[in-house]
Amino acid sequence: MKPIIYLRCFKGIVLREALRFFHQKERFFSALVRPLVWLGIFAAGFRSVLGVAIIPPYETYIPYEVYIAPGLIAMIQLFNGMQSSLSMVYDREMGSMKTMLVSPIPRWFLLISKLLAGVFVSILQVYAFLIIASFWEIIPPIAGYFTILPALIFTGLMLGSLGMFLSSAIKQLENFAGVMNFVIFPMFFASSALYPLWKIEETSEWLYYVCFYNPFTYAVESIRFSLYSQFNFEYTAGIVIFTVIFLILSILGYDPARGSLQKKGGS
Amino acid sequence: MSTALQIKNVSHKFGEFKALKNVSIKIDSGDFTVLLGLNGAGKTTLYSLITRLYNNNSGSIKIHNFDVREKSSDALKNIGVVFQQPTLDLDLSVEENLHYHSSLHGLSFGDAKERIEEEIQRIDLIEKLKNKVRSLSGGQRRRVEIARSLLHKPKLLLLDEPTVGLDIGSRQMILKHVKSLCKRGDLAVLWATHLIDEIDKGEKVVIIHKGEIVESGDVIKIVKKTKQKNIRDAFNKLVGVKV
Ligand SMILES: Nc1ncnc2c1ncn2[C@@H]1O[C@H](COP(=O)(O)OP(=O)(O)O)[C@@H](O)[C@H]1O
Ligand SMILES: [Mg+2]
Numbered sequence: 001m002k003p004i005i006y007l008r009c010f011k012g013i014v015l016r017e018a019l020r021f022f023h024q025k026e027r028f029f030s031a032l033v034r035p036l037v038w039l040g041i042f043a044a045g046f047r048s049v050l051g052v053a054i055i056p057p058y059e060t061y062i063p064y065e066v067y068i069a070p071g072l073i074a075m076i077q078l079f080n081g082m083q084s085s086l087s088m089v090y091d092r093e094m095g096s097m098k099t100m101l102v103s104p105i106p107r108w109f110l111l112i113s114k115l116l117a118g119v120f121v122s123i124l125q126v127y128a129f130l131i132i133a134s135f136w137e138i139i140p141p142i143a144g145y146f147t148i149l150p151a152l153i154f155t156g157l158m159l160g161s162l163g164m165f166l167s168s169a170i171k172q173l174e175n176f177a178g179v180m181n182f183v184i185f186p187m188f189f190a191s192s193a194l195y196p197l198w199k200i201e202e203t204s205e206w207l208y209y210v211c212f213y214n215p216f217t218y219a220v221e222s223i224r225f226s227l228y229s230q231f232n233f234e235y236t237a238g239i240v241i242f243t244v245i246f247l248i249l250s251i252l253g254y255d256p257a258r259g260s261l262q263k264k265g266g267s
Numbered sequence: 268m269s270t271a272l273q274i275k276n277v278s279h280k281f282g283e284f285k286a287l288k289n290v291s292i293k294i295d296s297g298d299f300t301v302l303l304g305l306n307g308a309g310k311t312t313l314y315s316l317i318t319r320l321y322n323n324n325s326g327s328i329k330i331h332n333f334d335v336r337e338k339s340s341d342a343l344k345n346i347g348v349v350f351q352q353p354t355l356d357l358d359l360s361v362e363e364n365l366h367y368h369s370s371l372h373g374l375s376f377g378d379a380k381e382r383i384e385e386e387i388q389r390i391d392l393i394e395k396l397k398n399k400v401r402s403l404s405g406g407q408r409r410r411v412e413i414a415r416s417l418l419h420k421p422k423l424l425l426l427d428e429p430t431v432g433l434d435i436g437s438r439q440m441i442l443k444h445v446k447s448l449c450k451r452g453d454l455a456v457l458w459a460t461h462l463i464d465e466i467d468k469g470e471k472v473v474i475i476h477k478g479e480i481v482e483s484g485d486v487i488k489i490v491k492k493t494k495q496k497n498i499r500d501a502f503n504k505l506v507g508v509k510v
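Line by line, the protein sequences are chains S and R.
Here the first sequence stands for residues 1 to 267, where the numbers follow our numbering.
Here the second sequence stands for residues 268 to 510, where the numbers follow our numbering.
Accuracy of the hints is not assured; some may be wrong.
As the list claims (entries may be wrong) - Listing some non-contacts, in silico: residues in chain S with all C-beta distances to chain R over 12 Å:
hint: 1; residue: 9
hint: 2; residue: 24
hint: 3; residue: 110
hint: 4; residue: 147
Claimed, not checked - Distance condition first, Cα-Cα at most 27 Å in a straight line; then the derived DSS-like pairs of lysine-lysine:
hint: 5; chain 1: R; residue 1: 468; chain 2: R; residue 2: 488
hint: 6; chain 1: S; residue 1: 98; chain 2: R; residue 2: 288
hint: 7; chain 1: R; residue 1: 329; chain 2: S; residue 2: 2
hint: 8; chain 1: R; residue 1: 395; chain 2: S; residue 2: 11
Unchecked claim - Examples of chain S residues lying across from chain R (beta carbon under 10 Å, computed):
hint: 9; residue: 1
hint: 10; residue: 34
hint: 11; residue: 98
hint: 12; residue: 103
Hints were generated in silico from the structure; no laboratory data involved.
For clarity, every value in this text was computed on a predicted model and none was experimentally measured.
No residue lacks a Cβ here, since even glycine has one placed at the ideal position from N, Cα and C.
Here chain R stands alone, though its shape is the one from the complex:
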């Protein structure tokens, strides 16, 4: 199995404030991994470093062996991102938004059209293709963003709190959809969230707290290691939350 994402000893400061402290993470192809941490834990900062919105001065970040600093173009080619804040153009149609993204990845018009149809069908929104994004619900917009992030067939999909602000129905649908994406191929997913109920037993989780990785691995193993009943209690114990 190949390694989709390898982060070694990455730290990051905002002025004097240490937002990330010596973070190391490894994610294999085909894995669905949850990056779990409270608000302010450093999840978005870590994503900004992986996607090179921020520069990493320490340690190394590799996507399929491409270092983001030295081979940023090759690294970025293999990443799909769904940012925490919405990033679709509200005044453009779904289709126009998706074509714009395809062109940013250098897809030809024909290829883009084909890929857009595939992905839009997968999220079941083909009838909204010509609609303005403004007319879509929050959940639909998020699904479009997920479809968009997959147009260029990335090998690593990064999602930053993709279900925040959505109703339960949309949340479950999106979660199920993304989990199914991993099953069918070699796509690796890193799903950042502060919602513990988005984690299933058989999955992998990386727990981040105040900029440090406090634990990572199979959910079952973490539960066992911390001698708790479930992942919620394990998390609370690890980050020192009293319940």
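In isolation and in its complexed conformation, chain S is listed as follows:
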């Protein structure tokens, strides 16, 4: 197949995702309101309790709301990744996933396009959040608005491919609520989103290791560093590795000859 065919297919999938997103206004607003509510609650509640000492990439003492902003950005992408995989489970039950899977274009390409489409939508949400957060005096250096973009693509891909893997592994919609509870919340709380890792280490060593190996921590920290135009090799490498693993698992999951569709599809 010619490359132009792939390009047209990719454009079509991204456009559909974007159209769906803009048509579903509730989804757009809840995506924005959620981190802002958390910002309000946590920033107000914890700022007196948690003093954040100077740690990289920050060069001065920072207010707590500035500390948690990257975590909330990652949360936007985490929710988005889970939501688009939820829609994949839903689509699969409803059948619109089928129309995509019967396209002559290779399945791995369709899935990656779908993933990138979700990432694109999540990035729109993140920028909307950053604009609103600037009224909260969460203002990174101007360059940060640009340098965050590549990080968002990587973290979006990682969290999206995690969602896609889960969607290929989950048989029914009902099970998905469980995933939300067992994936989203543990991932968020056992990470560096709300408190720095050294603070966690002071309290509990095993929890520190959980947080340390949590993929979500890698997402939060990459975003944090990129917002200050710094590059952290370890976090980026970690994200690439996690993404590749999740992606391979989900492509296998959607391969008709293998994986969970096969279990679902019989033999």
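Knowing the structure of chain S, use the given hints to seat chain R with the ligands on it.
Using the frame of chain S, we list chain R with the ligands on its own:
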């Protein structure tokens, strides 16, 4: 005449349950064939194998000589599908839905526009092009799905119970429309249904029961062979339904 679909000795299991047992079917280009079977006979399972949503481990399935397992891309290029459940995006317009499908088949925007106009005119819904699918009736949605399945000019059209849940008027209109599609070219249609009254005398039918093909061929021949008055009685006799 070329063969649009050739299925040879295909079986399929869900766990221990045998949903399809040694199924063989041959459909020529330009034919309208009804796949007739009660609920649970295995029609949807067979479609899932043809479209490669499920993997076939036994036998072979070929679309215009392309094996779905070895040449899945070439095979899928030649198939149009209307699934049993609705698959349109309700929040998008008819046009957006059709453009999305065109892009999944790699059509350029210009070609897609042209094809969409042709097909939407054929189903007589041009005035609904900009409307959200949500605002369409069940029958209209089905017609849009049929138009969509034809955008990439497939040679084999698979419809899975396309008239279920529709009123009589829409049912007849859709049936007539699809039958007319075969007449004009080399399109082959496989129409799965459990509704016997959708079969006309001069047509071909494949009767599937509990995962097995119990009879297939011209309606008239089957009626004669089973020594019955009509296809309804023939079907009842073949699948052992008491009337
Ligand atoms: N995913 C599945 N897992 C287990 N059994 C299934 C699955 N899909 C279908 N079946 C069973 O296989 C048989 C054939 O189903 P299906 O192909 O949907 O029939 P039809 O479309 O003719 O109504 C039914 O008995 C059904 O319960
Ligand atoms: Mg069925």
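Next item on the list: Using Cβ atoms only, decide whether residue 1 of chain S comes closer than 10 Å to chain R, and label the hint accordingly.
Entry: With a minimum Cβ separation of about 7 Å from chain R (threshold 10 Å), the hint on residue 1 of chain S holds.
Checklist line | Distal placement of residue 24 of chain S relative to chain R, Cβ over 12 Å | finding: Violated: least Cβ distance 6 Å, not greater than 12 Å.
Check: Does the CB of residue 34 of chain S sit less than 10 Å away from some CB of chain R?
Finding: 21 Å, violated
Item checked: Non-interface claim for residue 147 of chain S versus chain R (Cβ beyond 12 Å) -> 32 Å, holds
Check: Would the pair residue 98 of chain S and residue 288 of chain R pass a check requiring their Cα atoms to be no farther apart than 27 Å?
Finding: 24 Å, holds
Check: Given the hinted pair residue 468 of chain R and residue 488 of chain R, is their alpha-carbon gap at most 27 Å?
Finding: 10 Å, holds
Notebook entry, point to check: Do the alpha carbons of residue 329 of chain R and residue 2 of chain S lie within 27 Å of each other, as the hint requires?
Noted result: With Cα atoms ~24 Å apart, residue 329 of chain R and residue 2 of chain S stay inside 27 Å; holds.
Notebook entry, point to check: Can residue 103 of chain S be said to touch chain R, with a Cβ gap under 10 Å?
Noted result: 4 Å, holds
Checklist line | Cut-off 10 Å, beta-carbon criterion: hint that residue 98 of chain S touches chain R | finding: 6 Å, holds
Item checked: Minimum Cβ-Cβ distance from residue 110 of chain S to chain R exceeds 12 Å -> Violated, because the least Cβ-Cβ distance between residue 110 of chain S and chain R comes to about 8 Å, which does not exceed 12 Å.
Notebook entry, point to check: Does residue 9 of chain S sit more than 12 Å from chain R, CB to CB?
Noted result: Non-interface label on residue 9 of chain S violated, nearest chain R Cβ at 5 Å vs cutoff 12 Å.
Item checked: Satisfaction of hint between residue 11 of chain S and residue 395 of chain R, Cα-Cα up to 27 Å -> OK: residue 395 of chain R and residue 11 of chain S at ~24 Å, within 27 Å.
Of the numbered hints stated above, those contradicted by the structure are hints 1, 2, 3, 10, listed in ascending order.
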